[in-house]
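Asks: One letter stands for each residue in the lines below.
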Amino acid sequence: MLKFIVRRLLGMIPILFVVSVLIFSFVRMIPGDPARLAAGPDASYQDIQAVRAKLGLDKPMVTQYLIYVKGLLHGNLGTSLKSGRPVTKVIGSRFMATFWLTVASMAWAFVIGLFIGVLSAVKRNKWQDYAGMFSAVSGISLPAFWLGLMLIQVFSVQLGWLPTGGFASWQSLILPSLTLGSGVAAVIARFTRSSLMEVLKEDYTRTARAKGLPPNVIVWKHALRNALVPVVTMTGLQFGFLLGGSVVVETVFSWPGLGRLLIDSVAFRDYPTIQGEMLLFALEFILINLVVDVLYALLNPQIRLE
Amino acid sequence: MPQSFEKPAHGSGPPTLAGAGGQAVEPSAAELPVARDGFQTELTVSSPFTEFWKKFRKQKLAMAAAAFIILLLVIALIGPSIAPYRMDQPDYNNMLAGPSLQHLCGTDEFGRDIFSRILAGTRISLWVGLSSVAVGAVIGTILGLISGYYGKWVDAMIMRISDVLLAFPGILLAIGIIAILGPGLNNVIIAVAIFGIPIFARIVRSSTLALKSTVYVEAARSLGARNRRLIWKHIFPGTASTVIVYFTMRIGTAILTAASLSFLGLGAQPPTPEWGAMLSSGRDYLTQAPHVAFFPGMAIFLTVLAFNLFGDGLRDALDPKIKG
Chain A
1 MLKFIVRRLL GMIPILFVVS VLIFSFVRMI PGDPARLAAG PDASYQDIQA VRAKLGLDKP
61 MVTQYLIYVK GLLHGNLGTS LKSGRPVTKV IGSRFMATFW LTVASMAWAF VIGLFIGVLS
121 AVKRNKWQDY AGMFSAVSGI SLPAFWLGLM LIQVFSVQLG WLPTGGFASW QSLILPSLTL
181 GSGVAAVIAR FTRSSLMEVL KEDYTRTARA KGLPPNVIVW KHALRNALVP VVTMTGLQFG
241 FLLGGSVVVE TVFSWPGLGR LLIDSVAFRD YPTIQGEMLL FALEFILINL VVDVLYALLN
301 PQIRLE
Chain B
1 MPQSFEKPAH GSGPPTLAGA GGQAVEPSAA ELPVARDGFQ TELTVSSPFT EFWKKFRKQK
61 LAMAAAAFII LLLVIALIGP SIAPYRMDQP DYNNMLAGPS LQHLCGTDEF GRDIFSRILA
121 GTRISLWVGL SSVAVGAVIG TILGLISGYY GKWVDAMIMR ISDVLLAFPG ILLAIGIIAI
181 LGPGLNNVII AVAIFGIPIF ARIVRSSTLA LKSTVYVEAA RSLGARNRRL IWKHIFPGTA
241 STVIVYFTMR IGTAILTAAS LSFLGLGAQP PTPEWGAMLS SGRDYLTQAP HVAFFPGMAI
301 FLTVLAFNLF GDGLRDALDP KIKG
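Chains A and B supply the protein sequences, listed in that same order. Using full-length UniProt numbering, the letters of the first sequence correspond one by one to residues 1 to 306. Using full-length UniProt numbering, the letters of the second sequence correspond one by one to residues 1 to 324.
FYI, nobody ran anything at the bench for these hints, they're computed from the structure. Possibly wrong hints are sitting among the right ones.
27 Å max Cα-Cα, derived BS3-like pairs, lysine-lysine [to be verified]:
no.	chain 1	residue 1	chain 2	residue 2
1	B	K55	A	K126
2	A	K82	A	K126
3	A	K126	B	K54
4	A	K126	B	K60
Over the 10 Å line for every Cβ pair with chain A, so calculated as not near, a few chain B residues [unchecked claim]:
no.	residue
5	M95
6	D155
7	I161
8	P169
9	V304
Owing to the predicted nature of the structure, the values given are computational and were not obtained by experimental measurement. Quick reminder that beta carbons are idealized off the backbone N, C-alpha and C, glycines included.
Could you build the full structure based on these sequences and the hints that come with them?
Replies: In structure tokens, the structure reads:
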């Protein structure tokens, strides 16, 4: 097991290397002179040269890259052009809001998705199945920003039950997490259904039935346990989707998280912050994939033996 | 992998004695009518398309979705000419008016007819969805074929690049690309196309690996077929059904992503009747006129839903092994 984890960790190194090169060259791919951009529109030639020297842009590319990586290893992501604060601080102050939003969305999406998936698999080709799967495909097709706005319109504007945006209390988590989680719930429902239907065809399910176990025990105790293995993997991968979806949902709900920070930074051309965020998102996503792989190996002994 | 059937020259063809002439014809789904004398006198062998159509026709929801998509394509072609109003025609006496017989979906903040603007926007959404997925599918398929067929360092290189692209969750990669290229509809197409490439490269690579070692490819190779011929004539058709299914399923996602980017202000800009951009400006009038945001969103939802249902139907008919 340890060997497996080490091998996967080593496999991450080349990916991380290329990701860092990509993000490093990111600023240099933008048309225009980054030093001029950083110095501002009214800067004189001397100012620009000074900024160029300060940012190290006068050095050769490889040296610049090494300086960049050295900074990364020291936890230095540069300085935000918008606020003048270190990017790590800016990102750090936004991290928890996105974290809670993601966790809340995933929690309800998993429970509801699993329930719909099991119901659809057990009542295969009955109305419950059709209703479940139709709501699942609708959930995948719903534009999150539209769902969010409509929820605001009904629950905040008309009924006045919940806040329209911001992150002040747990009530303000409800609408954003409903919006963000709907797509994930739909994917989990579809996946659970197909996985459980496979397991229900297996010999051991038939044995359980033959020895007279009640159908509920068979489904929830015997079949679902095995059906969950691929579902857990799939669910882990959906975290990446949540990271992406948070950009849209946070904009709709004025959520003080990383997603909205990214959009604000793009609008402001705050390149160091964009770079830092892209790096963080990529790192998170790669780590989640790693955890999912390890989890899969833990849950499924067949993989470990290879 | 779909089974390939020997296709007779003209549909059913002349009556043949089964097994006569040493012809091996797969009768898997074909009816074998038995003649009076007990011999099979006629063989109807269906083409892959007939096979597909038989299975697809049974799925009512997917059929309805296909019909809706055809309607959307027609609207995309002739939309503005059948619209009741010009999409940019303001009516300052009738701003933010709710739905009525005069204005089916109401009017926006300039008094423009929302229904007409939605009709005009169909063209944009379909164009963005189709073109971005097409670009991603073509490049990804070529890379996947090369990667799977040649293997070794070419494969390793292409797959590592895919890994890197897949290391950024979907829309974030698109936002990063737009941060470089600048906002605009064309850049959205490029961004969405780029994140489709690794997905197609991966699925085509894995089908290619499986097909490479099949007997018929071996046979073609031992007959002296060159690599290019093997790839395009023998392996590519085998991957086609998977590519078609993914292509359709990606269109919905691409339209959704593009609309999201426009909503975020990174794609189409306001005077354009792009659905995401319309919704974005409708957001400011949510409390007094929710219909301004409601109808463009509904248009996005129904369009994406249609492509997803159609994709599911295609998958069940063409390649049930692909998991949704």
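Asks: Work down the list of hints and note, for each, if the structure agrees.
Replies: Verification of the hints:
1. Between K55(B) and K126(A), the direct Cα distance comes to roughly 20 Å. Compliance with the 27 Å bound is thereby established for this hinted pair.
2. For the suggested pair K82(A) and K126(A), the alpha carbons sit about 56 Å apart, so the restraint of at most 27 Å is broken.
3. This hinted pair checks out: K126(A) and K54(B) have alpha carbons roughly 23 Å apart, not beyond 27 Å.
4. Only pairs whose Cα atoms come within 27 Å are accepted, and K126(A) paired with K60(B) is accepted, the gap being roughly 16 Å.
5. Non-interface status of M95(B) relative to chain A is upheld: no Cβ of that chain comes within 10 Å, the nearest being about 19 Å off.
6. The claim that D155(B) is not at the interface with chain A holds, since no C-beta of that chain comes within 10 Å of its own (minimum 14 Å).
7. A cut-off of 10 Å between C-beta atoms contradicts the statement that I161(B) is not in contact with chain A; the least separation is 8 Å.
8. For P169(B), the non-interface assignment is contradicted: its Cβ lies about 4 Å from the closest Cβ of chain A, within the 10 Å cut-off.
9. For V304(B), the condition that its CB be more than 10 Å from all CB atoms of chain A is violated, with the nearest at approximately 4 Å.
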